[in-house]
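Using the sequences and the accompanying hints, generate a full structural model.
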Amino acid sequence: MNETNVHVVLDPIDAVVEEGIRLKSGETISIDVLICATGFDLSWKPRFPILGRNGTNLQDQFKVRPVGYLGISAPNMPNYFVYFGPNSPLAHGSALPAFEHITTYMIRMIHKAQTQGYHSFEPSKQPISHFVKHADAFFPRTVWSTKRRSWFKGGKEQGPVYALHPGSRVHWVHMMNELRYEDYNWKTVNSNKFAYLGNGFSLREVENKDVTWYLDEPEAGYRSVIY
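Numbering (the working numbering), first residue to last: 4 to 230.
Errors might be hidden in some of the hints.
As the list claims (entries may be wrong) - SDA-like cross-link-like pairs, simulated, lysine to any residue; straight-line CA separation at most 25 Å:
| id | residue 1 | residue 2 |
| --- | --- | --- |
| 1 | 27 | 43 |
| 2 | 48 | 82 |
| 3 | 196 | 129 |
| 4 | 66 | 132 |
| 5 | 136 | 157 |
| 6 | 27 | 4 |
| 7 | 66 | 136 |
| 8 | 128 | 85 |
| 9 | 159 | 18 |
| 10 | 128 | 176 |
| 11 | 136 | 185 |
| 12 | 27 | 12 |
| 13 | 159 | 137 |
| 14 | 66 | 133 |
| 15 | 48 | 152 |
| 16 | 136 | 69 |
| 17 | 48 | 188 |
| 18 | 48 | 95 |
Claimed, not checked - Derived CB-CB ranges, DEER-like:
| id | residue 1 | residue 2 | range |
| --- | --- | --- | --- |
| 19 | 84 | 205 | 27 to 35 Å |
| 20 | 195 | 146 | 51 to 59 Å |
| 21 | 114 | 44 | 30 to 38 Å |
| 22 | 195 | 153 | 45 to 53 Å |
| 23 | 152 | 36 | 20 to 28 Å |
No lab work stands behind these hints: they were computed from the structure.
For every residue, glycine included, the Cβ atom is placed at its ideal position computed from N, Cα and C.
Written out as structure tokens, the structure is:
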């Protein structure tokens, strides 16, 4: 970028003409070779149909403005998770630790579904609406809302910032550590939601494992609330 034979042109392309490229300003740049990129899709729409409840297509839901729950799930999409959906920590440092935290979140949700007799779960519409409102109220005081065209706003100069998490990296980690199960609609396999309790015995007892493990680690139950 700093070489003498390299020139950065910020003026948008108006048309490709016989002589080369004509810019919006009217200037024409003569060229010998034009290399076309495929472009960067800023719509957040999936590349293929993803059908949810009642045939809802996620491509249609994300057509105007993509909204989801904490960047990992979407309305009308039961048992659906995604990495780095709308309002994710995309400008908050390395992606690898974020992937790990998101994966842990997913595993905890799946564990609850498998062990407590649920066949499906999906985020409720009200928590999603509240999360989006919170994000929209947060970003106007940040540099991300500056009147500049960016992919954080879907390629627009002005508008809501829906690419990023409304907060710091540590803030996001703490949010993901504390699952809000109440924000989901849960559907049980059995008409009685406590049917998963079974015959009243734990696998520890059936498999002759240690049944007094809690005496050796009395503080183990408090670890989940320590950041």
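Results for each hint:
| no. | hint | result |
| --- | --- | --- |
| 1 | 27 <-> 43 | 21 Å, holds |
| 2 | 48 <-> 82 | 18 Å, holds |
| 3 | 196 <-> 129 | 23 Å, holds |
| 4 | 66 <-> 132 | 17 Å, holds |
| 5 | 136 <-> 157 | 18 Å, holds |
| 6 | 27 <-> 4 | 23 Å, holds |
| 7 | 66 <-> 136 | 19 Å, holds |
| 8 | 128 <-> 85 | 17 Å, holds |
| 9 | 159 <-> 18 | 20 Å, holds |
| 10 | 128 <-> 176 | 23 Å, holds |
| 11 | 136 <-> 185 | 19 Å, holds |
| 12 | 27 <-> 12 | 11 Å, holds |
| 13 | 159 <-> 137 | 21 Å, holds |
| 14 | 66 <-> 133 | 20 Å, holds |
| 15 | 48 <-> 152 | 19 Å, holds |
| 16 | 136 <-> 69 | 13 Å, holds |
| 17 | 48 <-> 188 | 24 Å, holds |
| 18 | 48 <-> 95 | 22 Å, holds |
| 19 | 84 <-> 205: 27 to 35 Å | 29 Å, holds |
| 20 | 195 <-> 146: 51 to 59 Å | 53 Å, holds |
| 21 | 114 <-> 44: 30 to 38 Å | 34 Å, holds |
| 22 | 195 <-> 153: 45 to 53 Å | 51 Å, holds |
| 23 | 152 <-> 36: 20 to 28 Å | 27 Å, holds |
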